[in-house]
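Visitor: Okay, here's what each chain looks like letter by letter:
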Amino acid sequence: MALSGMRGLSVFISDVRNCQNKEQERLRVDKELGNVRTRFKNEKGLSPYEKKKYVWKMLYIYMLGYDVDFGHMEAVSLISAPKYPEKQVGYIVTACLLNENHDFLRLAINTVRNDIIGRNETFQCLALTLVGNIGGREFAESLAADVQKLLISSSCRPLVRKKAALCLLRLYRKNPDVVNVDGWADRMAQLLDERDLGVLTSSMSLLVALVSNNHEAYWSCLPKCVKTLERLARNQDIPQEYTYYGIPSPWLQVKTMRALQYFPTVEDPNTRRSLFEVLQRILMGTDVVKNVNKNNASHAVLFEALALVMHLDAEKEMMSQCVALLGKFIAVREPNIRYLGLENMTRMLMVTDVQDIIKRHQAQIITSLKDPDISIRRRALDLLYGMCDVSNAKDIVEELLQYLSSADFAMREELSLKAAILAEKFAPDLSWYVDVILQLIDKAGDFVSDDIWFRVVQFVTNNEDLQSYAAAKAREYLNKPAIHETMVKVSAYILGEYGHLLARRPGYSPKELFTIIHEKHPTVSTSTIPILLSSYAKILMHTQPPEPELQNQIWTIFNKYESCIDVEIQQRAAEYFALSRKGASLMDILAEMPKFPERQSALIRKAEDAEVDTAEQSAIKLRAQQQMSTALVVTDQRPPNGMPAQPSIGPLSLVKVPSETVDSNPGDQGLTHPNGVVYKEDPQPPSQDIIGDLLGTLSIEGPPGAVAQSPQSATYEAEGAPSAADAAALVPVGEESGSVQPIGNINERFYALCLKDSGVLYEDPNIQIGIKAEWRAHQGRLVLFLGNKNTASLGSVQALILPPTHLKMELSLVPETIPPRAQVQCPLEVMNLRPSRDVAVLDFSYKFGPTMVNVKLRLPAVLNKFLQPITVSPEEFFPQWRSLSGPPLKLQEVVRGVRPLPLPEMANLFNTYRLTVCPGLDPNPNNLVASTTFYSETTRAMLCLVRIETDPADRTQLRMTVASGDPTLTFELKEFIKEQLVSIPTAPQRPQGPAAPPPPVAPASQDPGALLAGLL
Amino acid sequence: MIHFVLLISRQGKVRLTKWYSPYSQKERSKVIRELSGIVLNRGPKLCNFVEWRGHRVVYRRYAGLYFCMCIDEADNELEVLDIIHHFVEILDRYFGSVCELDLIFNFHKAYYILDEVLIAGEFQESSKRTIIRLLSTHDSMVEMAKEEATSIGNMIAQVTK
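Line by line, the protein sequences give chains A and B. First residue of the first sequence? That's 498 in this note's numbering, and the numbers climb one at a time after it. First residue of the second sequence? That's -15 in this note's numbering, and the numbers climb one at a time after it.
Hints were generated in silico from the structure; no laboratory data involved. In this text, all values refer to a predicted model and were calculated from it rather than measured experimentally. Each hint should be verified, as a subset may be incorrect.
Claimed, not checked - Under the rule of at most 16 Å between Cα atoms (straight-line distance), these lysine to aspartate or glutamate pairs were calculated in the EDC-like manner:
{"#": "1", "chain 1": "A", "residue 1": "940", "chain 2": "A", "residue 2": "982"}
{"#": "2", "chain 1": "B", "residue 1": "130", "chain 2": "A", "residue 2": "547"}
{"#": "3", "chain 1": "B", "residue 1": "29", "chain 2": "A", "residue 2": "982"}
{"#": "4", "chain 1": "A", "residue 1": "580", "chain 2": "B", "residue 2": "35"}
{"#": "5", "chain 1": "B", "residue 1": "-3", "chain 2": "A", "residue 2": "512"}
{"#": "6", "chain 1": "A", "residue 1": "791", "chain 2": "B", "residue 2": "73"}
Okay, chain B solo, but in the shape it has when bound (with noise of 0.2 Å):
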């Protein structure tokens, strides 16, 4: 399974991270200053696993951005790329083009994404179309109760006029 997701920028900054395994927050921290420092100091025409604290870490650089994730040593780390890929083009297709300042911004949608895909470190759908018109669903519901709320305060206000 997969322990967690890390994003990080070149420069070191947490995009996104997710935990799957129960880290407290000090092993959080202690998790990304290391991994941070192992996987941003690789070279680039390396393979994109490394070993670390007897797990490995699957990771793929995008532009300034690092997608890492935690696996167990039996697990298929090609696999895991694959799911880091597909993440990678759903958010692409999501965002139009996805930039590293979309998911600054919008982490709280990269969150929605991400739980499209992974549920308990598992891969849970391989369908892009498929998520992508769940997350536009839930986009419209969220549109909706907007325009409801402001229809409400709307009539509030007539009446309170």
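Extracted from the complex, chain A is given alone in its bound form (with noise of 0.2 Å):
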């Protein structure tokens, strides 16, 4: 046993080694901590060895992870330590007990600096390796120059250099802002020239985060990085300590091809030769060898060839060796190298013209769907998911359906929506994706979400010519004894809507039916009885001439629910009671459910997967970016003869929105139905639409007053639903065709879209406009979704922005015509100059037919965006808020007629325009601070600070002062803030109904204010 040099450090590590179980290790733990504490108090008669001592018990504790609540100071101070053994301990502890939120931090930055610049090459070491690791704001700003300094000095070893480079690669990817890499070209390719491969490895590190961020600067590094490939493919005067098992530097060759995949291309002919050669040299000169470090090494080289590649878009041949090689990859026994074998044919589907040939492994890997390796199982059905497409779709989908019986819990659910797109996406016939949908709800019932079952019953109300097939299907799986609860709820539903289309078959008769039906009412929840009674109702309609018993029977149990618990129960129960007893009219109530609007797919908006964080954004996402800014469009593959092309049915309806679009905010999904009911979209199941179904016509011709309201569409009337839907209601379906008009509220998109980043600005039957937006600083990134709902192509379009003076804005282009069911992106650059509240306004046009669509609509870019919340210390706090001495720099405003709030509520309201309450700065309980950084081009960062007192007998008025060092800033927080409180904009306020035209937006919007103002 090697020992720690340290006794009490290894007598404490093999007492809690010798624990018996956790508790024991527990107290013990605690014992030392205690004993820890103690000594650090009387820090006094500590020895540097025993400060050392206790730093590393801190650690051990800390990495088995307990708590270590203090100590943090004796770490930090270690590192000014005169000695390297105290410094060390003091650097590594500290790298590991904090990270670069911890305010302790702070404390070391000068003394890490002093190291930093000092001479001592080992401390410079030590302290370049704890900014790389856990480096924040605060040493980016004060440390970037002297790291940069340090990297390109021709007097550092190259022991120093590379950590410096790495050092500044984490400062830069942490904080692109702070570290100024202007003019950096040069030194990036002249440190490309670098002998020392440590060095080089390390700025080729660097390089990558830089281009990935900017790639136009450096392309004079370009050919650079193609000569170090080369240097190193053909083994050419590589010392022999950088290869690793007979392999020069893989690491190095991944990079350098890493950092060669964020040039769009290589345009130099001769540059590009030579890097095909390298590269077809790596893709045929590997083969899988005995040794495991060696394959893992070489083929690290080799899949990072065939991605740059498939980056460079080679020629057909050259793509076709690639799919070839994945092709033989996939059927190979070593499990990473199928892995990633199926992995890079998922992102090879991007490249066009490679489908066939990756097609013609199919078989290969359906197989690997039964891989014993759940990862690969997981890669293998990516793949699948990502090739089906109108020719393959039917194996996919019914071997998916196969595997599901036996897949892992962890991927049923996964498995089971995947599956459920692929077979709404590419049905070649519509009973095949309804015995799909069955089969799936038959098969992992439990694994297969709402929204599944919402959409095949949409389908099927939406297509005459599948309703009778549906109904009979259903008919079949409720003979089986044994069903799944959601199957149970399909049947019934369908049956209830379209089994009278059978009545003339054996076994179809509406008792026959009843009966079936409600031989599983017993083994179901009460999520499930709402449904069976619909479909009573709805048997009890469809069965002219009356059949007395059958009557009975249905009115007994309606009677009996009449006093169920459940509220919706009991309404259902009572209402169809009431109806069934009004004898002809009755059919008309209780006719079959209208069609559904056309709509987005849920389960499509679901599948997009929720995003990461990564270090840098892939080359593949950023290739993707690249083509979106060229605005290309991309059209999903439609089957030519594929479904009736009725403009209401629900499949083609693909409209790829960015995720989390519409769901978070329900009040934005209000639509008409047809007959006249605003309902809520899929979160809700269609069952109780048909009460909404039922209380629409009642308003009509129903005597009034027979049915009570239904609390849910009460609840829409007491939140303004539009009572332009209400009139709605008396327009025909089709009838509306004539003009385009939005849907949902414009105004609630904006509001909403001001608090969060994506979402959908505007809405109406021919597109939908989705925006994303990215905020760094005082500059932004919104990209447009500019999606086609249509099957025809959208015209002229057209799309200005109106930006205000203190915004500039750059919109890529925006291609004139969108096809059918596409989705184009456009980016827009934004940059804010200065503070101001002025709204920038985007002018979109589009032809439909012979309809010209214009709408005016603003642009969530406002005041908040540019804010980044920070918390700041009762010591900073008060300084800054004495030196800001009143106006211009601080101001005063008494408000009145404020929304009376409680005060957590206006906290929350603060924080979501990110503005952080502060609390405990202020003594007065109703009183609130809070600070802010508000970043623009003149004003940099700067920090704003707010104080609102508030009366607690009177909430409708309040004192409000906003300090910041600019005075403009100042005046316009304070009225933004103003707007805010005299206004909640998000609360679906006003009665605008969807039929409204979209409100005057004037296009200067030279006054937000009196534009606002209007609105209230």
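Put the two chains together into one complex, using the hints given.
Guide: This is the structure:
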């Protein structure tokens, strides 16, 4: 056993190891923590050795997963020790115990800086390592320049410079706005000539980070990368110690090829030729060998080369070579290679023209779906999902279905969702789609989300040809002795609606249908009962002439549920009971459900993966974005002879919208149902539409008061459900087609987007405009997603940005036509020059058929987007507050007519606008103090402080004080906050029906204050 | 980039953790718990990658010890696997056929060594020789400081005698 060299530490570690159980371990650790704490308290008596020992113990305890909430100070203070052993311990322990968000780190900045600029290279290394591992914003601000100097200094040894390169990489990656890399291209090019491979490797990593952000500036590095790659791949002039299992530094090779993937193309023909030569050599010269480490290394290089080839859009011949190679890989024994083969094949799908070659491997990929390794199965599923199109959908989906029964629980939900989407997207015929979904529910009911079965109901409702088929299928499933509850729901719903279509077949008489549905009744939960009741009511209605026996049976059930504790069930039972006594009028009231309006598939929305933070945007993603910036249009491939081109069929409505679009804001989803009731989209089962349907019709012809208002529609009314909707109730379906009206409230959508960064800006029956924004200091990048919802293309598309004077905005090219069901993404760059509340306007127009549609939409590039929350301590706050004395830097105003809000809610409101509320700063509990940083080109980062004094007796007035270092900013921010307090714009207050025309927006909108006031 | 490095024993005991992305203590414990659940339960002949919360975890088992590194989805998995092995080889050379106990009792040295292999979650040095040379220089500096301290201590002792 090697000894740690510290007896106390070794003893402690052995003690912990010898603990029999977790409880003992905790006791031992607590004892030690107590010991260390007391030792630190009387610090005077500690020798450097002891200090080191205790700090190590702390780290060990921390590593085991216990909370260590003291001693950070001691660890940090060791950094400033004069001697190497203490300093080293200080640096290492600090780097482990703290992260970039710890305040304690500030204490160390000065010492760290002294070590970096000092002459002792060992200390330089320690300091650079710490900053590289946990450096945050403040480190970047005070150290970046010094680190840059070290990296290019000729007097520094490689061991310092390679650390400086990675340290700079970290600082740049975390805070690209702080690290000044203007004019660094030449420096980087020089660094790529570096002889020392350690420095070169680190510099290459740095280059990857730099080019991923801005490749334009680094063109001069491209030929050097190719040279480096050539030198490595030919194994020229590489010191023995830099080869790894005989391969010249695989890491450097991989990094170099990674960097190359961020350049859109290689233009110089000579460079391109040499690069392809090298790549060819790598592709062809790599064999699977016995030694696993050598294998890993050579294939790391090979897979990176593949990615680069894909990126460079090589000639078809080379591409097919790649696919062939991947085809070989997915069948080898080595699991890592199999995994990566599948993964890279999925990436390869993005390259045009090779899909057909990939399809040749379909059988092998399906085999991988049964691999013993879940990681590989996941890859296979992803690949199958990606490669599925009309030609192979049937095979693939059936394969997925078959696999479903044996799949791991962890994968079933994803699997069933993907199968449902593929079935919907590529169904060769609709009955097949219904088959698939029913099988899905049958096999994995627990993993089939509600969205999936809602979707199939929408489908069947919208396609008359399908209805009797679906009813027959549903009947078949009900025959099974044990079926999943979801199956009961779908079957009951479909049979209730369409069972009567089959009434002449044996076994489909109303009575028989009722019996078979009712058999399932004892097994279901309360969520299904309402659907069963509706279905009974429908069966009853379809029984002509009435059968007294059946009627009695069903009435007994209604009677029974009239006293049910569940309000939904009770209401339905009561209503249906009353209705079913109406005789002939029942026919109208319980008529078939009308078609569902075309809408975006909730499934697809769901399938979009949650985004994950990654260090660099991957080259692939970036490439996709570059394609967008030239506004490349991607169309969904459709079966030419696919489904009937009925405008209202759901399945084709595959408008891809950025994830998290509207679902977080249900208020936005109020849609006008053709027959007049506003109902909510997918989150509620269609069963509730039935109620809505009933009520809607009643309001026209049924005797009022016969039925209690359903709670659902009542809510909508209370929220100021568009009165226009009621009017629409009288308009026969199909008459609205003349004029194009927005869906949802444009204002509400705008206000919602002021608070969040992605969502729908505008929607009408033809187009949906989604928006996704990223904000970084005073800059922003918005992407407009223009999705054509129609089966015909939209022409004369024009988007014009009318920016206010304080914003610099640049919209990429918008194509003139948007093909059917395609989505176009147009990036929009925004730069904030100075504080202002003015709003930019998007003047958008398109032509659909003969109609020209023009809307003016406010863009959510508003003041609060350029705020960054910041917490200030009392020590920082008060001096600032005092130094900004009086107007124009500090403004005070008494605001009246404030919407009364409880204080915590007001605090929440502030936080959503990125004004950080700092509790405890103001001793008066009725007051609220907040801080934020504002970014613009003229003001740079500027701290803003806000104080609100409320009067507990009168919540409608308050006194507000705003302070910042810039008079305009102070004024604008004050006005901005005032606007937010006077109205809370997110709530759907204003009864502005979907039928209302878009609000008139003054193109230049010089006075948004007036504009807002006009809206109130 | 590598978001964190995790060394866990077959019994689920943590032997080393190093975080290059900011995680709170709570998140760290959760990550360790989740990942040991996933990684330790994997059979022997499977691939070295698992997908986890939108990231990839590359791991490799050496005797009873699992070396795990978490990377972004778009990163090169095999490259990271090479880093793991490279790190192990350096440990091996430094300790002289390293075993788990070496790492338990010298976890602080493992940290020094890791800092020479990775900074900011990025690979730093591919020459084993360079790293070993550097480590021994550092060790000798510590030794020297110790000797100095004892000799000063002796002097003081002599003076006060």
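Visitor: Next step is simple, just say for each hint if it's right about the structure.
Guide: Evaluation of the provided hints:
1. 940(A) to 982(A): holds (12 Å)
2. 130(B) to 547(A): holds (13 Å)
3. 29(B) to 982(A): violated (39 Å)
4. 580(A) to 35(B): violated (44 Å)
5. -3(B) to 512(A): Answer holds: residue -3(B) to residue 512(A) is near 15 Å, not above 16 Å.
6. 791(A) to 73(B): holds (14 Å)
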